[in-house]
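> The chain contents come next:
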Amino acid sequence: MISTKSITKAYGSRRALDDVSIFVPEGSVYGLVGPNGAGKTTLLGILAGLRHPDSGAVDIGAPRSRIAVLPDTPQFEPWLTAREVVDLARNLAAPDVPVDRVGEVLVEAGLEDSIDVRVGGFSRGMLQRLGLAATVIGEPQVLLLDEPSAALDPGGRREVLDLVTRLRGRSTVMFSSHILGDVQEVCDTVGILREGRLLFQGSLDELLVGRVGAVYRIRLRGTDEAVVQSLRDSPWVQLVEQVAASDLRVTADGREGAERNLVKVLADNDAAVISISPEGANLEDVFLELTS
Amino acid sequence: MSLWRLEWLRMMRTKRWVAIFGVFTFFGIIGPLSARYIGEIVERFGGGVQVTFPEPTPADGIMQYSANVQQLGLLVLVMIAAGALTIESRYEMAVFLRTRVMSTTRLLIPRYVVVAATGILAYVAGSLLAWYETAVLIGTPGTGAMAAGMLYGSVYLLFAVSVVAFFGSTLKNVLPTVILSLVVLVILPIVGLIPSLTDWLPSHLTGALDGLVGGAAIGDFLKAMFVTLAGTFALLYGTIGVLARREL
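Chains as they are written, first to last, in our numbering: chain A, 1 to 292; chain B, 293 to 540.
The set of hints was computed from the structure by calculation and includes no laboratory data. Where a beta carbon is used, it is the ideal one built from N, C-alpha and C, also for glycine. Careful: at least some of the hints might be erroneous.
Unchecked claim - Stretch-level coverage of chain A by chain B, calculated; a stretch enters the list once three of its residues show a Cβ under 8 Å from a Cβ in chain B:
1) 44-58
2) 63-72
3) 75-81
What the hints assert, rightly or not - Just the calculated beta-carbon pair ranges, DEER-fashion:
4) F525/B to S6/A: 39 to 49 Å
5) R398/B to P154/A: 37 to 47 Å
6) V475/B to T8/A: 57 to 67 Å
7) R14/A to R398/B: 29 to 39 Å
8) R158/A to M385/B: 26 to 36 Å
9) P95/A to V428/B: 46 to 56 Å
10) I115/A to V483/B: 50 to 60 Å
11) G533/B to R14/A: 20 to 30 Å
12) R305/B to V99/A: 16 to 26 Å
Construct all of the structure, not just a fragment, from the sequences and the given hints.
And the structure:
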């Protein structure tokens with residue numbers, strides 16, 4: 001469990017965090033999103049114990065030795081091998097973990113071909129994988145990840161997301177990301193920061209519900225002008241857009257009217273319907289709306 | 293892999309030990325040689341000028357070595373120490389260590405000890421070479437004087453590395469750490485020109501090796517040694533305090 005109460009942090013006259021209170025349930029995955037300079041790294045630094053808040057309280061339900069942090073561009077001594085880096089992390093964070101686990105973790109991180117190679121020649125993506133391996137070897141109770149997939153190719157990104165998913169329930173994970181799709185995919189809870197203030201905190205459902213308009217996408221087999229006209233004539237329809245020849249986007253004035261009448265209009269026109277689906281709001285839309 | 297092995301590998305794999313041992317042993321060889329043959333060297337390169345030098349003494353051989361290592365040897369040691377002791381010069385590496393090592397003492401001590409020990413070993417190796425060569429070419433310096441001189445010189449190196457550690461923790465950057473450390477180590481002998489302070493300052497120990505071989509008493513350097521040890525502990529204590537309070 002992680003919680004902060006009204007924490008504030010200023011660098012000179014600029015407030016990096018302003019009255020931020022977060023709550024991360026134990027074993028959950030918390031996504032921290034916000035534009036550059038929003039205060040994400042400062043918040044993660046405070047949670048890691050690397051920075052001190054000017055005011056407010058931080059409560060992390062784990063000893064400091066069980067908190068692991070992965071910066072966005074991990075770096076290691078270039079003259080160490082990958083195995084030595086992870087073994088150092090093991091020795092410092094969890095000396096009880098058997099040495100054999102070092103190799104296993106490196107294989108899991110996709111570095112099986114570079115285990116005994118010095119890290120000076122590693123690409124940024126390889127360093128990120130190595131950073132993850134060095135982080136999970138300690139079996140942390142709390143894992144703080146700063147942009148963990150930013151430098152990775154799609155395969156590496158997938159592995160990171162899978163790793164975070166696997167950690168759910170075992171570790172409390174907080175990660176910041178600019179890739180909102182990643183946050184939407186793996187996080188139970190989302191916090192949106194802007195200019196040091198927490199604009200929203202809650203589950204994705206809470207964030208997205210209420211922002212979903214009564215908008216429906218309809219795919220027909222072939223073009224059917226009669227259907228389009230009937231929809232436009234319906235009193236509960238606000239707008240009908242023909243996105244493509246056989247692809248309609250219907251905006252209703254409310255869900256109830258659409259749910260009661262949409263299918264009926266299509267049936268009355270004997271339309272060949274391939275699919276009907278409500279158009280959902282996504283995190284990116286909401287993020288832009290909140291932070292703009 | 294422990295923090296001690298990490299520092300050992302830093303010294304070995306980056307070949308820093310070669311630089312430290314190289315400079316100290318080089319002057320261990322060259323110092324007595326130049327003291328012995330200074331007349332011949334000046335005659336050969338002086339364009340026919342005849343200069344008569346007094347017969348060199350064992351103290352001259354050791355002094356040639358000592359003067360050089362207290363300048364160039366110290367410069368190399370300070371630069372190498374700064375590379376290891378500016379623990380937070382790279383944020384990402386500092387995050388790796390600071391989030392896994394809760395005690396700043398545990399973080400600092402291996403770095404300090406490995407660098408200081410390498411410097412002292414190199415200094416002793418250079419001193420032994422200078423001793424041997426002086427004995428062969430000029431005359432045998434006293435064993436007790438050499439042993440005590442090396443001890444005093446080693447204490448001074450402990451102090452010099454602790455100066456670097458302190459500025460490394462305060463400034464977080466290698467180059468300013470090197471510059472400020474050298475400024476302090478250069479200013480101390482200048483302050484030592486004040487007669488009432490001479491015997492008390494750490495810089496007094498830099499002249500212990502050749503001074504003792506030249507006939508000074510071992511007790512002449514005791515005051516400076518105690519002040520130097522106290523200064524070393526104070527600087528290390530301060531370094532640990534600065535690191536513990538500092539935010540990344």
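> Which of the numbered hints are not met once you compare them with the structure shown?
The structure conflicts with hint 6 only, although it agrees with all the remaining ones.
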